[in-house]
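Now for the letters of each chain:
Protein chains: 2
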Amino acid sequence: MTDPLRLGIAGLGTVGTGVVKIVRQKAELLAARAGRPVAITAVSARTRDKDRGVNLSDYAWEDDPVALATRDDVDVFVELMGGSDGPAKAATEAAIAAGKDVVTANKAMLAHHGQALAKAAESAGSVLRFEAAVAGGIPVIKALTEGLAGNDITRVMGVMNGTCNYILTRMQATGQGYNALFEEADKLGYLEADPNLDVGGIDAGHKLALLSSIAFGTQVNFDAVELEGIQSVTLEDISHAADMGYRIKLLGVAQLTGRGLEQRMSPCLVPASSPLGQLEGGTNMVVLEGDMVEQIVLRGPGAGEGPTASAVMADVMDIARGIRLSTFGQPATELQQAKPARAATPAPYYLRMSLEDKPGALAKVATVLGEAGISINRMRQYRHDDTTAPVLIVTHKTTRTALDGALDAMTKLDVIASAPVALRIETV
Amino acid sequence: MTDPLRLGIAGLGTVGTGVVKIVRQKAELLAARAGRPVAITAVSARTRDKDRGVNLSDYAWEDDPVALATRDDVDVFVELMGGSDGPAKAATEAAIAAGKDVVTANKAMLAHHGQALAKAAESAGSVLRFEAAVAGGIPVIKALTEGLAGNDITRVMGVMNGTCNYILTRMQATGQGYNALFEEADKLGYLEADPNLDVGGIDAGHKLALLSSIAFGTQVNFDAVELEGIQSVTLEDISHAADMGYRIKLLGVAQLTGRGLEQRMSPCLVPASSPLGQLEGGTNMVVLEGDMVEQIVLRGPGAGEGPTASAVMADVMDIARGIRLSTFGQPATELQQAKPARAATPAPYYLRMSLEDKPGALAKVATVLGEAGISINRMRQYRHDDTTAPVLIVTHKTTRTALDGALDAMTKLDVIASAPVALRIETV
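Chains as they are written, first to last, in UniProt numbering: chain Z, 1 to 428; chain P, 1 to 428.
Derived from the structure by calculation, the hints contain no laboratory data.
For clarity, every value in this text was computed on a predicted model and none was experimentally measured.
Errors might be hidden in some of the hints.
[Claimed, not checked] Derived pair list, reagent style SDA-like, types lysine to any residue, alpha-carbon separation capped at 25 Å:
(1) Z:21 with Z:87
(2) P:119 with Z:28
(3) P:21 with Z:87
(4) Z:339 with P:26
(5) P:412 with P:236
(6) P:397 with P:227
(7) Z:119 with P:3
[What the hints assert, rightly or not] Restraint-style ranges between C-beta atoms, simulated for each label pair:
(8) P:322 with Z:260: 32 to 40 Å
(9) Z:364 with P:186: 53 to 61 Å
(10) Z:281 with P:242: 21 to 29 Å
(11) P:339 with Z:334: 46 to 54 Å
(12) Z:189 with P:259: 36 to 44 Å
(13) P:364 with Z:53: 52 to 60 Å
(14) P:234 with Z:363: 54 to 62 Å
Note that CB positions come from ideal geometry on N, CA and C, so glycine has one too.
Okay, chain Z solo, but in the shape it has when bound (with noise of 0.2 Å):
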């Protein structure tokens, strides 16, 4: 029998554990598929002493990362800790150095330092991969990467934010706002540390900035990612959207054009009946669409022990059978640096307002769209019982750059009672 892939797991969070349950009670099974047994010699985390409910005693124990991932027993270094910078990066680039194939699921660290990270270890010789990443266990960074190779890739868009797509789900089922799912979300464990990489949008931003990346053969820039999280969308906007037959979805959309390159995260109205709409709960959508393929949708656990696992075993595996891409799918020196365009693509917008009870000032919004060219599609004021009234307007197709400068304007306007809203809505 061949040579054992052994691994050295930095990390013993639930992915971690996840991670060692599989390599200890499947071992007939990954060595039957990869050809070759895969073993865990050493681990660390921040705690030693700790039940995590497997046993870790047939391992070498390491308080430092660095320490483990540049063991002589250790071929694969599992980054499992989490955090852009400190000891993941520094534990990550040491593992490189010393010439190391590594395995992650940091997205954090790959959207800031994708890029110098892959360049080095494709100088190393070493391989980079990051499958967990992204999606929890749907396979996306395969798909793209390898089963959509002889496709030029025209967009990528994706629900990959559970926790937002929980709480947006949940706002339109129960009637709640979105305070009250914020908490109920908290209460469940499903915010991250600081909620604002959930609900802002930030999470799901590295993740779309890294299959961007892979999509369009271009450096990672997670830096220009339009960002836009859920914390403005309304009951109203949901109930709105869901009586002209769509929903809202935390979406993230990356397309390449003579434009330069979009990537946007921000609530957008998709159709009730794409499978986008229909995108319940916590579960992940990623849609990759190329020119041959048209469209492919992948759906799946975004997140958990089991799901999360899963893909860091893909990697793992992938390296064990002696599989060796580049991270981004072509070498890291050859990625371009394309030009962010903000929202360049044309579509119609969602527009919700507060307008004074005053005569004529429907009007004076219609006015200031027509002057920016922008024409509307629907319109309709909502019965009120205050000195307020509810206005929303879907419109046309038009560019956030005319959008701006018409919500700009609207906003000086003397009947505006509060400051516009603007949701993108997505052809699915």
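Following the hints, complete the assembly by docking chain P onto the known chain Z.
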């Protein structure tokens, strides 16, 4: 630059032409992704003089696919002729014997000879891959073999014949019967030359047998697939199912349990709100369930030039990148021979029958079910104007064996006007 990977393509129908277009039009992209150029050196088809809309003048021509498969200037034999035996098999065998790698879209050939061909390829050191044989553009072979390599697969399900799904969803949408929509599908060119391959479930059964093999590490056993076509599904079944919140799909299900390997391809009821229930038209969907990953759903075009050529290119690009996997995810010599288990997993069933309008008719049917140990969940007798009454019954969970006993006893009753139809209700 590294040496190009040289393809010899046999079969220049829709898919073959699509592959030629990709290789010609995306030379730079493919080379960047693979790290080496991908080129075509020779082609073969039944007719040479035919305008296929692509320029073939750069390639050597072979009338005989076996000659093509064994050319010195061919590294990968791309088999797109189809047919389980004959030239496709002869040329594939010749290619393997000559040490070539093989990429094929031929589900029939692999369903019948996959085990022998995989064994031959592996002992020759060749790679034999078939992403395009299952579910068109969806990279499901890759997802299962590699993406879920850390899982014990618990169940695989799929709607993998677009023509059947087209007919069934059009029956629901238009209220037209099976025969009318069969004609419509035929006019649209959706049917195979032998339409029984589609509507009899054979084509989809081939695909299921291939997925089973990878999922469970078992030898391909198409003969053990329980096949039932959609010909006996009536408009009444579709509308009764809809009334109860279900849709009818030609659904493939494979499960390995203590009772053995179940492989079924048959019309089933699935919840209307599930991803499978929501699947309309010619689109394919595969559901992969594993102990770690829970459930992954993949959706995409199951046929057509672009999508199928995209899948062929996924295999070609893997080979160009040096990825060399066993055909069924582990060496063919190690695949188990699983005992076939006929629909052993209990399920609820939908039964439709026509009873003579006589006193006590329903009671007799209910008694037969009770004697077989099958309890009734719901029973409806529909309004009728003639001497026979349509009746439908939904049972609680039962085994197919118990059900078959009851159906047999029922047909002997003097109150049964037409043989009962039974459709499984699949939990998804």
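Here is what the structure says about each hint:
With a C-alpha separation of about 24 Å, the suggested pairing of residue 21 of chain Z with residue 87 of chain Z holds against the 25 Å cut-off. Under the criterion of a C-alpha separation no larger than 25 Å, the hint pairing residue 119 of chain P with residue 28 of chain Z is consistent with the structure, at around 21 Å. Note on residue 21 of chain P and residue 87 of chain Z: the hinted pairing is violated, with a Cα-Cα distance of about 48 Å set against a maximum of 25 Å. A C-alpha spacing of about 22 Å is found between residue 339 of chain Z and residue 26 of chain P, which places the hinted pair at or below 25 Å, so the restraint holds.
Of the supplied pair hints, the one linking residue 412 of chain P and residue 236 of chain P holds, its CA atoms being roughly 24 Å apart against a limit of 25 Å. For the hint linking residue 397 of chain P to residue 227 of chain P, the alpha-carbon distance of about 21 Å falls within 25 Å, and the restraint holds. Straight-line distance between C-alpha atoms of residue 119 of chain Z and residue 3 of chain P comes to about 24 Å, which keeps the hinted pair within the 25 Å bound. Range check, residue 322 of chain P to residue 260 of chain Z: Cβ separation about 34 Å, and the 32 to 40 Å hint holds.
For the pair residue 364 of chain Z and residue 186 of chain P, the supplied restraint of 53 to 61 Å holds, since their beta-carbon distance comes to about 59 Å. As the Cβ distance of residue 281 of chain Z to residue 242 of chain P is approximately 25 Å, the hint placing it in 21 to 29 Å holds. The hinted window of 46 to 54 Å between residue 339 of chain P and residue 334 of chain Z holds, with their beta carbons roughly 51 Å apart. Against the hinted window of 36 to 44 Å, the Cβ-Cβ separation of residue 189 of chain Z and residue 259 of chain P comes to about 39 Å, which satisfies the hint.
Between residue 364 of chain P and residue 53 of chain Z the beta carbons are some 56 Å apart, a value that agrees with the proposed interval 52 to 60 Å. Under the hint 54 to 62 Å, the C-beta atoms of residue 234 of chain P and residue 363 of chain Z, about 57 Å apart, fit the expected range.
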